[in-house]
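Protein chains in written order, with numbering that gives the first Met the number 0: chain A, 0 to 421; chain B, 0 to 421; chain C, 0 to 147; chain D, 0 to 147.
These are computed hints drawn from the structure, not numbers from a lab. Glycine included, each C-beta is placed from N, C-alpha and C at the ideal position. Just to be clear, a hint being listed does not mean it is correct.
Restraint-style ranges between C-beta atoms, simulated for each label pair [said to hold, decoys possible]:
1) Ile-102(D) / Glu-123(B): 31 to 41 Å
2) Gly-91(D) / Val-113(A): 31 to 41 Å
3) Glu-48(A) / Ala-311(B): 24 to 34 Å
4) Ala-77(B) / Gly-419(A): 33 to 43 Å
5) Gly-91(D) / Ser-170(B): 33 to 43 Å
6) Gly-41(A) / Arg-86(B): 55 to 65 Å
7) Arg-86(B) / Gly-91(D): 25 to 35 Å
8) Asp-49(C) / Gly-419(B): 50 to 60 Å
9) Arg-202(A) / Ser-115(B): 51 to 61 Å
10) His-166(A) / Glu-86(C): 48 to 58 Å
Here are some chain D residues the structure puts well away from chain A; computed CB gaps all over 10 Å [said to hold, decoys possible]:
11) Gln-1
12) Ala-18
13) Phe-27
14) Asp-38
15) Arg-45
16) Ala-55
17) Ser-64
18) Ile-65
19) Val-82
20) Asp-137
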Amino acid sequence: MSQFTAEQSAAIRAEFPELSETVNGHPLVYLDTAATSLRPRGAVDVESEFALRHTAAVNRGAHTLAAEATEAYDDARATIAGFVGSRPNQMVFTSNATESINLVALAVRLASAVGSPARFALREGDEIVVTESEHHANLVPWQEVARQTGAVIRVAPVTDGGELTVHAVESVLSERTRIVAFSSVSNVLGITNPTREIADRARAAGTRVVVDACQSAAHGRLDVESYGADFVAFSAHKMYGPTGIGALWGTADALAEMPVVLTGGSMITRVEYDSSDYLPAPAKFEPGTPRLTQAIGWAHTVSYLDTVGVDAIAAHEESLGAEMYAAVADIPHVTILGTDTGVHRVGLVSFAIDGVHPHDVGQYLDSRGIAARVGHHCAQPLHKRLGVDSSTRFSLGMYSTVDDVAIAVAALADVRRYFGES
Amino acid sequence: MSQFTAEQSAAIRAEFPELSETVNGHPLVYLDTAATSLRPRGAVDVESEFALRHTAAVNRGAHTLAAEATEAYDDARATIAGFVGSRPNQMVFTSNATESINLVALAVRLASAVGSPARFALREGDEIVVTESEHHANLVPWQEVARQTGAVIRVAPVTDGGELTVHAVESVLSERTRIVAFSSVSNVLGITNPTREIADRARAAGTRVVVDACQSAAHGRLDVESYGADFVAFSAHKMYGPTGIGALWGTADALAEMPVVLTGGSMITRVEYDSSDYLPAPAKFEPGTPRLTQAIGWAHTVSYLDTVGVDAIAAHEESLGAEMYAAVADIPHVTILGTDTGVHRVGLVSFAIDGVHPHDVGQYLDSRGIAARVGHHCAQPLHKRLGVDSSTRFSLGMYSTVDDVAIAVAALADVRRYFGES
Amino acid sequence: MQLDDLYQQIILDHNKKRAGYGLNEGGFPSHQYNPTCGDEITLTVRLSDDGETITAFEWEGSGCSISQASASLMTSEATGMSVADFERFANGFREAMRSRGTIVLPEEEFGDLAALSGVSKFVARVKCAMLAWVAAEDSLLLTQESRN
Amino acid sequence: MQLDDLYQQIILDHNKKRAGYGLNEGGFPSHQYNPTCGDEITLTVRLSDDGETITAFEWEGSGCSISQASASLMTSEATGMSVADFERFANGFREAMRSRGTIVLPEEEFGDLAALSGVSKFVARVKCAMLAWVAAEDSLLLTQESRN
Ligand SMILES: Cc1ncc(COP(=O)(O)O)c(C=O)c1O
Ligand SMILES: Cc1ncc(COP(=O)(O)O)c(C=O)c1O
């Protein structure tokens, strides 16, 4: 497990123009990659060139430009699917991971309204398992399912150190459990969950498994099949790709059984005034004009990641992340959310500073050019569970360096003094 | 009503690099703007510059970049809303017009599942009015509503000339009508419907009105309030903007009453494990990381349209469209779908050529550099109603010229000879 | 790409002549549909009593010249083939169609069907050329299943 | 933008001292919440018997130094004001906060609250400064409604 050399880092950083920006007179130190990652120049250039030179209607035209755009779009899907270990037709494009999870939750609600298909329909008293560490995106949609159907939300606890054990999930599984939804990595804790083991246990209990893989997508090799889940959700903008596009992976069976949610053009075979027939996945979930340039941009982004090497990126971030964790932990009056003992972590650390509110911490860091995330990071219940309203988070990307960490840690050490605590 | 001068056209065309492409050895003649429009350089450049230099998490960060991105995003919404005559908080961003319509249809289905809110819930025997000329996007979602709820689809007829009269809609209105969904302009016929009059009649009958304004958005001044509808849907990519973004406009009341559909982060106030509270519109309909760069790109696109002048664009297209209609009508063995008598038309004409299938027509045109749309244009039932399986369509944009039309019409005159008809 | 590569005279002729056009009752018709353009074809394969030989293709449908000519040419060239030969034949045809211009159908084997070779360069039209073939394979399968 | 513009010493002091902190029973508390950061405040305005004068602000909550100091400073500066004066005062404060640095709160009128002037340059923090004020206006409204 080794970090990039200075030369390697310099080459990577040269691809990300935003890193040359100054913030409040300091060179930008971007430690907010878990919220949204910066964009590599090559992929953005390809996307805008495509928009300017190759725009045309996908799946709808006989003319050359349209045929070329359709091919480019299909190729982009194949490239992205290949990157995450999926077949092209098992990866549905969405707007973001939130919409991916919602597609499944809405399919459940629509199926429940009519009682079919049975494997998607929930009934009063059925149970949905989530965990204490979920992002709102993987919690609120299930609450709405429960509210409509009378199903019950069961919450698998995390330890005080933020660890989600297989046992914790098992402890809330019951005969009535129909869905188990959890994240591969919490965006607050940075701990890699035993995703495969949990999925196996849940599926053995006959439930559907939905994995929120947002924080795994570019910080290690995301292999959607390896989770053993029914559905996996992720977003392009958390893996150096464009905003406005994400994906839902599903097993062939799950996607075939899943009822359509959004309907319209390009997902149909035959339309009469009173009924229509639908194409198979992924088309059946992608009505209307597709996210053409976004798919192109995302595909070129993952090609770039492949060039650098996903395993190398993961090793770099993990090693640097461990140093960052240790350095932050060493600062007096800092409490870290999420243990580093006996767990595998990604390059991310959230913490509270005694006596200084995270909003003030963030503002102080910002004055020194450091972009950190403050707040509840869309995980209010987890914060409450861990006894805080909010926290400050440092998260690394492929372009992060030891200097970034050193600058941020040094600033952190000064925060309390600035706010008159000592 | 006058066309752009040669100089004006040249200046406009210089903004659209794709127009300099050659197709099969001929300069591109792009007559497929109704499917998707080409992109102006300025707006694409701003969008990619933003992606490369200003990417940051919207609505979630205290750091400078995040605050700036949030402000840019809010400004973009205000600009686009202003362009279509909406207030910012009455315009919900979606992926495309199809998703906009689906949001409403899904809200109806979710409300119907639990019987509340009452103004959105449908019951068996309730009626939904659509028209014979709808795009699949404004037809299939309503079929799904009907399938779930037991509501009935009533289809307002068009005349043989494709005209949708107020009377035709009235003829299918009943006491049980709950929703009237129709387009301001059909994407096959090019006829401007009496949208306001239909909406007024429908609302007087106590129904909700959903207008598909896709084909009105950039070919005239779209003033969403002027329709008198509850909801209006449109797409950026049909108004020279990016793919992957569209909008749903709604009255303040309708949006306030409408239940949430997609849920997750950024649309909540307080989240507990078992329930959550939501922000008001538009946030309540926009969970997750927003379409940041797409909103920026779209906003710059509408600013560009404003610079050229929407009324001037409309006048140009209308006048050129009338010439095109007449020229196409003059070619022997051509049957046009949609009359030009007694109606107001946009610059769009769909037609059938005796003895030559549209797919072959399109291929022939393509060999001469002309990009036209062939097929059913996502309106299968309308084609059937007019007695054809498919058609060929020429549609104009702000950059279209008399030369484009002349080249296309000349090619059209040769089609039958090439295929051995005479 | 040259348009004449796609529309060889044989194709234009078969688009008009349409060998095998007209469906009789019975058998196991397969209906195929191209959602992009609305083209459709219904086709029945007729087998000899021993089930070994294709005695006729019968079809009806509407669509572009490529889809119609392909059905007509298949009828002309493949009627009388053994089922096993036809399966190989169809696979060879499909492979050429998907080859993006790299495989030309040999005239010795494919006869007038060789005129469809150019289609493979027009990726958007491959579906048109395949429509009748997919229907034939499907009808064949249905017919064989009914015999077991 | 200078950090010290935002965090003047007065603010840091009030973040600790927190005048008015502690809620008593009764009255019409208003609860306000900032969904972005989770900050919250519950505040009760107390009026004189004739309903004309603000006799006290009582509040509890958690949040950043700006939100806490703003509540404390409002308590210090506005206690004893007439209701009508407070409404004008709150409007003036809001206008300055939204001014993006163009309006400085005059010390003659706003006293130590002038220290919050810098917040208006930090657009993302304006909500923090306003939290207590929104609560006060809301509590005032509830109180007045109860008297009608
Ligand atoms: C009239 C009409 N409605 C709806 C749509 C669907 O728009 P989109 O594909 O952007 O969702 C289109 C375009 O395809 C259209 O022309
Ligand atoms: C763990 C996790 N799940 C879901 C999301 C939601 O992703 P998006 O906003 O792209 O839909 C995020 C990011 O905000 C996340 O970190």
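Query raised in the report: Of the numbered hints stated previously, which ones are contradicted by the structure, given in increasing order?
Result: The structure conflicts with hints 1, 2, 5, 6, 8, 9, 11, 14, 17, 18, although it agrees with all the remaining ones.
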